[in-house]
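Residue numbers (my numbering), protein chains in the order written: chain V, 1 to 311; chain A, 1 to 263.
There's no promise every hint is true.
Claimed, not checked - Below 35 Å or equal to it, Euclidean Cα-Cα: the simulated DSBU-like pairs (lysine-lysine) are:
#: 1; chain 1: A; residue 1: Lys9; chain 2: A; residue 2: Lys138
#: 2; chain 1: A; residue 1: Lys187; chain 2: A; residue 2: Lys32
#: 3; chain 1: A; residue 1: Lys73; chain 2: A; residue 2: Lys32
#: 4; chain 1: A; residue 1: Lys138; chain 2: V; residue 2: Lys302
#: 5; chain 1: A; residue 1: Lys73; chain 2: A; residue 2: Lys187
#: 6; chain 1: A; residue 1: Lys9; chain 2: V; residue 2: Lys208
#: 7; chain 1: A; residue 1: Lys138; chain 2: V; residue 2: Lys303
#: 8; chain 1: A; residue 1: Lys187; chain 2: A; residue 2: Lys9
#: 9; chain 1: A; residue 1: Lys73; chain 2: V; residue 2: Lys208
#: 10; chain 1: V; residue 1: Lys208; chain 2: A; residue 2: Lys138
#: 11; chain 1: A; residue 1: Lys120; chain 2: A; residue 2: Lys187
#: 12; chain 1: A; residue 1: Lys187; chain 2: V; residue 2: Lys208
#: 13; chain 1: A; residue 1: Lys120; chain 2: A; residue 2: Lys9
#: 14; chain 1: A; residue 1: Lys73; chain 2: A; residue 2: Lys51
#: 15; chain 1: V; residue 1: Lys302; chain 2: A; residue 2: Lys120
#: 16; chain 1: V; residue 1: Lys302; chain 2: A; residue 2: Lys9
#: 17; chain 1: A; residue 1: Lys32; chain 2: A; residue 2: Lys51
#: 18; chain 1: V; residue 1: Lys208; chain 2: A; residue 2: Lys32
#: 19; chain 1: A; residue 1: Lys9; chain 2: A; residue 2: Lys32
#: 20; chain 1: A; residue 1: Lys138; chain 2: A; residue 2: Lys51
#: 21; chain 1: V; residue 1: Lys208; chain 2: A; residue 2: Lys120
Claimed, not checked - Derived coverage of chain A by chain V (criterion: at least 3 residues anywhere in the stretch with Cβ under 8 Å from a Cβ of chain V; other residues may be distant):
#: 22; region: 23 to 33
#: 23; region: 89 to 102
Keep in mind the hints are simulated off the structure, nothing from the lab. Keep in mind it's a predicted model, so treat the numbers as computed, not measured. Glycine residues also receive a C-beta, built at the ideal position from the N, C-alpha and C atoms.
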Amino acid sequence: MITVVITLATAITTHFQTISKINNISNMIFLNALTDPNNLFLRHALLVGLFASIAFGIIGTYVISRRISYLAGAVSHSVLGGIGGVLWLKTIFQLEWLDPLYGALLAALISAFIVGHFGHGAEKKREEIMIGATWAIGMALGVIFMDLTPGYFDITSYLFGDILLVSSRDLILIVALDIVIVLFVLRFYHKLMAICFDEEFARLRGLKVDLFYQLLLGLTAVSVVLLIRIVGIVMVIAMLTLPAATASLYTRTLSGMMLLAILFSVIAIIGGIGVSYSANLSTGPIIIVCAGVLYFFMAALKKMSNQRNNG
Amino acid sequence: MDSELPVIKINNLNFSYHNNVVLESVNLEIRKGELASIVGPNGGGKTTLLKLILGLLQPNSGNVEVFGLPPEKARQRIGYMPQHAQLDPQFPISVLDVVLMGQIERCDRGFFGGFPSQVKITAQDSLAEVGLGDLSRKSFNELSGGQRQRVLIARALCSEPELLLLDEPTSNIDPRSEENLYETLTKLNQHMTILLVSHDLGFVSQVVKSVICVNRQVIIHPTSQINGTIIKEIYGGDFNLVRHDHRCDHTGHSHHDPFSNNQ
Numbered sequence: 001m002i003t004v005v006i007t008l009a010t011a012i013t014t015h016f017q018t019i020s021k022i023n024n025i026s027n028m029i030f031l032n033a034l035t036d037p038n039n040l041f042l043r044h045a046l047l048v049g050l051f052a053s054i055a056f057g058i059i060g061t062y063v064i065s066r067r068i069s070y071l072a073g074a075v076s077h078s079v080l081g082g083i084g085g086v087l088w089l090k091t092i093f094q095l096e097w098l099d100p101l102y103g104a105l106l107a108a109l110i111s112a113f114i115v116g117h118f119g120h121g122a123e124k125k126r127e128e129i130m131i132g133a134t135w136a137i138g139m140a141l142g143v144i145f146m147d148l149t150p151g152y153f154d155i156t157s158y159l160f161g162d163i164l165l166v167s168s169r170d171l172i173l174i175v176a177l178d179i180v181i182v183l184f185v186l187r188f189y190h191k192l193m194a195i196c197f198d199e200e201f202a203r204l205r206g207l208k209v210d211l212f213y214q215l216l217l218g219l220t221a222v223s224v225v226l227l228i229r230i231v232g233i234v235m236v237i238a239m240l241t242l243p244a245a246t247a248s249l250y251t252r253t254l255s256g257m258m259l260l261a262i263l264f265s266v267i268a269i270i271g272g273i274g275v276s277y278s279a280n281l282s283t284g285p286i287i288i289v290c291a292g293v294l295y296f297f298m299a300a301l302k303k304m305s306n307q308r309n310n311g
Numbered sequence: 001m002d003s004e005l006p007v008i009k010i011n012n013l014n015f016s017y018h019n020n021v022v023l024e025s026v027n028l029e030i031r032k033g034e035l036a037s038i039v040g041p042n043g044g045g046k047t048t049l050l051k052l053i054l055g056l057l058q059p060n061s062g063n064v065e066v067f068g069l070p071p072e073k074a075r076q077r078i079g080y081m082p083q084h085a086q087l088d089p090q091f092p093i094s095v096l097d098v099v100l101m102g103q104i105e106r107c108d109r110g111f112f113g114g115f116p117s118q119v120k121i122t123a124q125d126s127l128a129e130v131g132l133g134d135l136s137r138k139s140f141n142e143l144s145g146g147q148r149q150r151v152l153i154a155r156a157l158c159s160e161p162e163l164l165l166l167d168e169p170t171s172n173i174d175p176r177s178e179e180n181l182y183e184t185l186t187k188l189n190q191h192m193t194i195l196l197v198s199h200d201l202g203f204v205s206q207v208v209k210s211v212i213c214v215n216r217q218v219i220i221h222p223t224s225q226i227n228g229t230i231i232k233e234i235y236g237g238d239f240n241l242v243r244h245d246h247r248c249d250h251t252g253h254s255h256h257d258p259f260s261n262n263q
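Just need the whole structure built from these sequences, with the hints factored in.
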């Protein structure tokens, strides 16, 4: 067992060193690129990444500790249905004002409400089915609507995101989302913790458990929609789980987990943008790989230090 | 002292879950100051009975009154300790935060929703009462099973209850802690009514004043004729430790009569 862990850790460390070597070389290019006035988009992307990390870290902490990552996955995938529907409506009825964002938000909120309804109490057993159904039907509807819509759509940016294409409006929306999330969590920190830890007991003490749970899911849904711009529908679930999971290895409080998760998310996003810019690869996937490597590296480190402590 | 009004009164209650009869024709009265234990085999409906008393489940027929009120309206006066196995052992939360949940509804002071200092004092006192006063800063997931159990009892106490409902307080507990728990419960019983679920009959016979035998009547599986003899077989010799100051009728359903408080 010990040898397996050590081998794994060595492999990961070597891997990491390779990455950091690449980084060292590319850092120069990346830093030069950052200061280049023509590369406004790059600074923009970094800024978006920093603000997105606040949402990723805080919402991710709830997703991990309440164990609802598959629920978040269902919400994010169903968004494609909303986007497809809006694109179809927009083209068929020539509604220029209609933005795919509205469709995405509507789909996310509806699916969060559906799965959330089955998330606890007597309906708990059907939650899994609802998650699977929402997940798949949402995506299927999205593809059908896009087939029905004349013209060609590149859905890759929806599926995999592109932080380099994020607009100023997206940035403003993400900052607004951060403000809402931070205020909500500051105000209801203890109550949310109680509900996540022991829903039944919180209900007995007279808390409006269902309302809070739906609010939390609603916030998760809105976060998913805004964060899809960065890493895409398929991978947003990774950014909602990996940084928080990494943080959970090293902290014993919910608030500590939030702060650490924000930090790990920032590291993954900055690292991802840097590597992808230098190596000329898609940003979203690189960010996810960074977050994943960070998780496994930290998990191995933790395991090794535990074993050392236990002799 | 409204000694006339029973703390818990259950009238002719029936409860089934997905067509499985869990409890049938339950009548039960718990008087103020009692220390009673619900015993019975696994799946016999012990926890279900507690949840009905808390109003977390609704009976199919019959009714439950706590302090003469419907359970939903009496909850604030009940302290409840669930089985800790149903909680996520990895959840990042400190011992003190778990105990503070006992009055989570009062966490509304100022914009940031802090606890009134009175609640914090109560939480510390409750922890001290179960002998864990020095662990408040510890993380809940670092504790042993027995310690977690006691933290959850402290949480129930932090609700400053008049009625304490404990679901399996003796599971996961070592003999020495059990002895402590015995003393704690006896002390608490001086100012609150206590109803606990246990299948540890040795413990029950030492502590409680009356025993409630709960066993669902199984009508879907007619082969298992549950009666007093089978209960004895399940529990073996330990069963003899229980003082038989309660009545088991021959069919062995949930059969609760008001127990005379033993002298």
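Against the structure, the hints come out as follows:
{"no.": "1", "hint": "A/Lys9 with A/Lys138", "verdict": "violated (39 Å)"}
{"no.": "2", "hint": "A/Lys187 with A/Lys32", "verdict": "holds (15 Å)"}
{"no.": "3", "hint": "A/Lys73 with A/Lys32", "verdict": "holds (18 Å)"}
{"no.": "4", "hint": "A/Lys138 with V/Lys302", "verdict": "holds (19 Å)"}
{"no.": "5", "hint": "A/Lys73 with A/Lys187", "verdict": "holds (27 Å)"}
{"no.": "6", "hint": "A/Lys9 with V/Lys208", "verdict": "holds (27 Å)"}
{"no.": "7", "hint": "A/Lys138 with V/Lys303", "verdict": "holds (21 Å)"}
{"no.": "8", "hint": "A/Lys187 with A/Lys9", "verdict": "holds (24 Å)"}
{"no.": "9", "hint": "A/Lys73 with V/Lys208", "verdict": "holds (15 Å)"}
{"no.": "10", "hint": "V/Lys208 with A/Lys138", "verdict": "holds (28 Å)"}
{"no.": "11", "hint": "A/Lys120 with A/Lys187", "verdict": "holds (22 Å)"}
{"no.": "12", "hint": "A/Lys187 with V/Lys208", "verdict": "holds (34 Å)"}
{"no.": "13", "hint": "A/Lys120 with A/Lys9", "verdict": "holds (33 Å)"}
{"no.": "14", "hint": "A/Lys73 with A/Lys51", "verdict": "holds (14 Å)"}
{"no.": "15", "hint": "V/Lys302 with A/Lys120", "verdict": "holds (34 Å)"}
{"no.": "16", "hint": "V/Lys302 with A/Lys9", "verdict": "violated (53 Å)"}
{"no.": "17", "hint": "A/Lys32 with A/Lys51", "verdict": "holds (20 Å)"}
{"no.": "18", "hint": "V/Lys208 with A/Lys32", "verdict": "holds (30 Å)"}
{"no.": "19", "hint": "A/Lys9 with A/Lys32", "verdict": "holds (11 Å)"}
{"no.": "20", "hint": "A/Lys138 with A/Lys51", "verdict": "holds (30 Å)"}
{"no.": "21", "hint": "V/Lys208 with A/Lys120", "verdict": "holds (22 Å)"}
{"no.": "22", "hint": "23 to 33", "verdict": "violated (count 0)"}
{"no.": "23", "hint": "89 to 102", "verdict": "holds (count 10)"}
Going down the numbered hints, you'll see the structure goes against 1, 16 and 22, while the others check out.
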